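Could you slot chain Z onto chain C? The hints should help.
Protein chains: 2
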Amino acid sequence: MCGTDGCLVKCSSAPCATPENDIKDTFTTINLDHGDPIMYEPYWRKIGNKCGITFNGDDSLSYFANGKSLCWFMESKLEEQIKRLHNIVGNAIVDDYYIVVGTGSSQLMQAALYALSPTDQLEPVSVVSATPFYSAYPEVTDFVRSGLHKWAGDARTFEKSGSYIEFITSPNNPDGVIREPVVNGDQGKLIYDLVYYWPQYTAITIPANHDVMLFTISKCTGHAGSRIGWALVKDKEVARKMTKFMEISTIGVCKEAQLRAAKILKVVSDSCLDPKMENFFEYSQSLMTNRWQRLRQVVMASDFFVLQKYPLQYCLFTKDFCEAHPAFAWLICKGSEEEDCQKLLKEHKIHTRSGRRFGSDLRTVRVSMLSRDEDFNIFLERLMAIRGPTN
Amino acid sequence: MCGTDGCLVKCSSAPCATPENDIKDTFTTINLDHGDPIMYEPYWRKIGNKCGITFNGDDSLSYFANGKSLCWFMESKLEEQIKRLHNIVGNAIVDDYYIVVGTGSSQLMQAALYALSPTDQLEPVSVVSATPFYSAYPEVTDFVRSGLHKWAGDARTFEKSGSYIEFITSPNNPDGVIREPVVNGDQGKLIYDLVYYWPQYTAITIPANHDVMLFTISKCTGHAGSRIGWALVKDKEVARKMTKFMEISTIGVCKEAQLRAAKILKVVSDSCLDPKMENFFEYSQSLMTNRWQRLRQVVMASDFFVLQKYPLQYCLFTKDFCEAHPAFAWLICKGSEEEDCQKLLKEHKIHTRSGRRFGSDLRTVRVSMLSRDEDFNIFLERLMAIRGPTN
Numbered sequence: 001m002c003g004t005d006g007c008l009v010k011c012s013s014a015p016c017a018t019p020e021n022d023i024k025d026t027f028t029t030i031n032l033d034h035g036d037p038i039m040y041e042p043y044w045r046k047i048g049n050k051c052g053i054t055f056n057g058d059d060s061l062s063y064f065a066n067g068k069s070l071c072w073f074m075e076s077k078l079e080e081q082i083k084r085l086h087n088i089v090g091n092a093i094v095d096d097y098y099i100v101v102g103t104g105s106s107q108l109m110q111a112a113l114y115a116l117s118p119t120d121q122l123e124p125v126s127v128v129s130a131t132p133f134y135s136a137y138p139e140v141t142d143f144v145r146s147g148l149h150k151w152a153g154d155a156r157t158f159e160k161s162g163s164y165i166e167f168i169t170s171p172n173n174p175d176g177v178i179r180e181p182v183v184n185g186d187q188g189k190l191i192y193d194l195v196y197y198w199p200q201y202t203a204i205t206i207p208a209n210h211d212v213m214l215f216t217i218s219k220c221t222g223h224a225g226s227r228i229g230w231a232l233v234k235d236k237e238v239a240r241k242m243t244k245f246m247e248i249s250t251i252g253v254c255k256e257a258q259l260r261a262a263k264i265l266k267v268v269s270d271s272c273l274d275p276k277m278e279n280f281f282e283y284s285q286s287l288m289t290n291r292w293q294r295l296r297q298v299v300m301a302s303d304f305f306v307l308q309k310y311p312l313q314y315c316l317f318t319k320d321f322c323e324a325h326p327a328f329a330w331l332i333c334k335g336s337e338e339e340d341c342q343k344l345l346k347e348h349k350i351h352t353r354s355g356r357r358f359g360s361d362l363r364t365v366r367v368s369m370l371s372r373d374e375d376f377n378i379f380l381e382r383l384m385a386i387r388g389p390t391n
Numbered sequence: 001m002c003g004t005d006g007c008l009v010k011c012s013s014a015p016c017a018t019p020e021n022d023i024k025d026t027f028t029t030i031n032l033d034h035g036d037p038i039m040y041e042p043y044w045r046k047i048g049n050k051c052g053i054t055f056n057g058d059d060s061l062s063y064f065a066n067g068k069s070l071c072w073f074m075e076s077k078l079e080e081q082i083k084r085l086h087n088i089v090g091n092a093i094v095d096d097y098y099i100v101v102g103t104g105s106s107q108l109m110q111a112a113l114y115a116l117s118p119t120d121q122l123e124p125v126s127v128v129s130a131t132p133f134y135s136a137y138p139e140v141t142d143f144v145r146s147g148l149h150k151w152a153g154d155a156r157t158f159e160k161s162g163s164y165i166e167f168i169t170s171p172n173n174p175d176g177v178i179r180e181p182v183v184n185g186d187q188g189k190l191i192y193d194l195v196y197y198w199p200q201y202t203a204i205t206i207p208a209n210h211d212v213m214l215f216t217i218s219k220c221t222g223h224a225g226s227r228i229g230w231a232l233v234k235d236k237e238v239a240r241k242m243t244k245f246m247e248i249s250t251i252g253v254c255k256e257a258q259l260r261a262a263k264i265l266k267v268v269s270d271s272c273l274d275p276k277m278e279n280f281f282e283y284s285q286s287l288m289t290n291r292w293q294r295l296r297q298v299v300m301a302s303d304f305f306v307l308q309k310y311p312l313q314y315c316l317f318t319k320d321f322c323e324a325h326p327a328f329a330w331l332i333c334k335g336s337e338e339e340d341c342q343k344l345l346k347e348h349k350i351h352t353r354s355g356r357r358f359g360s361d362l363r364t365v366r367v368s369m370l371s372r373d374e375d376f377n378i379f380l381e382r383l384m385a386i387r388g389p390t391n
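Line order of the protein sequences matches chains C and Z. Residue numbering for the first sequence follows UniProt numbering, beginning at 1 and increasing consecutively. Residue numbering for the second sequence follows UniProt numbering, beginning at 1 and increasing consecutively.
Only chain C is shown next, with the shape it has when bound in the complex:
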């Protein structure tokens, strides 16, 4: 996720309400490498104990949950609130879908690969995604050298016949673009990674209704520490195999996080319906809009950087036309092909992720837009000071 180096060295994303902030401006590297979504903290601080939840000693002892779902460890309260929120936001169809809960969407990616990989073939199935693809896909697919599936790189250049699995990330991580499948072979299985398909990042243009769709509370509400993701799965057998994966790998998913996620999702849904509450998506969209406007101003004033542009689209949720405000900025540095943009930014104490990690080139970097205000402000200041590799 963050690359161990980035985590073990002094990490600016750790809580920073300490005196050391005073010196951050000059000495500390701003870590915008990973997408730690702490920017919504002020909203949750204001909500405070309205979505508080208490666990006593005898709560949630069992491996089992009380629900009657195919996913035997899923708390029924969580299932209910996942369905309610999708219905309110309109970003995914949930009727007649099976829900499988996971320890974040990372675990669900692996569960989906496990469930969709053919078991009757000698060779592992090829797993592809169009560049620039989420940097974790190659690692997640190959880290234990599975005989079921094998990373095969860019979906656009994939030409092997037969079965394959394609990850479609929409809006895309790293570049925020809305995506469709690329390979279009007849023996393909598709995994839609929709973790950023929420109104603060993009227009909700249609309720998604794909065979396998992944979501996570991390990107929706910012509760990354809870490690709660969910898959909406059309086919019962696929949902059962994904549940089996979760059973073997972690014997289910933490009950406290599930129950807390249920409470948080309930507050988010309530905030969309109750005019007395501050609508979470209006709050978060406005934050993202503001950040993107300020970043675009800085980039416009620069001769050295370029940003991806996004079309205006009608959002069914906000009932208005809006531009995308992705969770990451996909920053392109002008210059020669050898230009190492990550290195350049690092010299200016901005830690980002190189385009190389996403199957793209050295001139691009992914920059998290989800940091605390303080870090974002320092990022803009430092970016403004960069005039190119020669300065």
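Wrong hints could be hidden among the right ones.
Because identical chains share one entry, a pair is satisfied inside a single copy or across any pair of copies.
[Unchecked claim] In silico DMTMM-like pairs for lysine to aspartate or glutamate, Cα to Cα no more than 25 Å straight-line:
1. Lys346 x Asp303
2. Lys77 x Asp58
3. Lys68 x Glu278
4. Lys189 x Asp142
5. Lys68 x Glu159
These aren't lab readings, by the way, just hints derived from the structure by calculation. Note that the structure is predicted; figures quoted are calculated from it, not measured.
The following block gives chain Z in isolation, referenced to the frame of chain C:
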């Protein structure tokens, strides 16, 4: 863990304070297949909100924890309480060990396999454990057909030269026996699965100080739903690789569960030191002793069943001699080799796990000793009624 069949069909281990309990005595199968540790519930109910913990909306948003450990997602409060409890109980050395937290010990098994598998060999490393071995090992080792490691069965018959990994479960699951390594090759890596090495199950004869030791709160305190396990790891590079496994597979471990586990472990430690509190291990040991005494009486009166015997050993924690009271009974049915003990018990509405799953034979079954009182009582009643396959 429980086998999906056992979970998706009517499952007696689900909370049962409902009217259907009235008819459980005659119609419902008692599920003692899995080791769901709900027997300590009365203790935790009595403790109640003394170990309650509340999460507000803005708590634990980040992927990162505040500690400075190698394991970047581990809450320092949990690390502190893990060390404190091991020091009080005396079951493991913690000084100079790295701690890696996992989503239950299942995830840590995989992390340990990942970290200990040689990466410079063409063939996956052989993974072994002496029969009867924990039934999950073959599945956990092979479920994604890893090219790093491969299940090779019974450690006692393993004769391949070169590198290997041996799981040593002590006390053993399923049969409660204290174990040592079996293979004793010079290129072996050992994973000590010590999840039952707590005073309620066995005498604490020595503080364990192996290279890799796995523990879980599930079996220690009964909080299985929290999915918190930890590894004590001597070598820094192994701990780093295990942390990397956790990072790729689930981007860390749920913060709520970690903080709650810290609180629960603190209460357990406090209960050992504060004479005004009911000592958790005295409580749980007394429960287990009572259950084993009653089970042994029933088995003594039977011509058809035999139980494993355990030696008296001096326990450094209780400062007394005691017999083991394992979390599972390893029940041996007399009769011919074809006797299917699991089938026989199932006909009497007792769901257990066949010896076959543990690399042993059909005449043995593993029976959970950790169910609610109600289920345990019905189990004894039904067992008493069995006179053999002909009745």
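Hints, one by one, checked against the model:
1. Lys346 x Asp303: Answer is within: at 19 Å inside a copy they meet the 25 Å cutoff, but 76 Å across does not.
2. Lys77 x Asp58: Classified as both; 18 Å inside a copy, 21 Å across copies.
3. Lys68 x Glu278: Neither. Shortest intra-copy (34 Å) and inter-copy (36 Å) distances fail the 25 Å Cα cut-off.
4. Lys189 x Asp142: Result: close both inside a copy and across copies, 18 Å intra and 23 Å inter.
5. Lys68 x Glu159: Answer is neither; intra-copy 43 Å and inter-copy 47 Å both fail.
Checked against the numbered hints given earlier, the structure breaks hints 3, 5 and satisfies all the rest.
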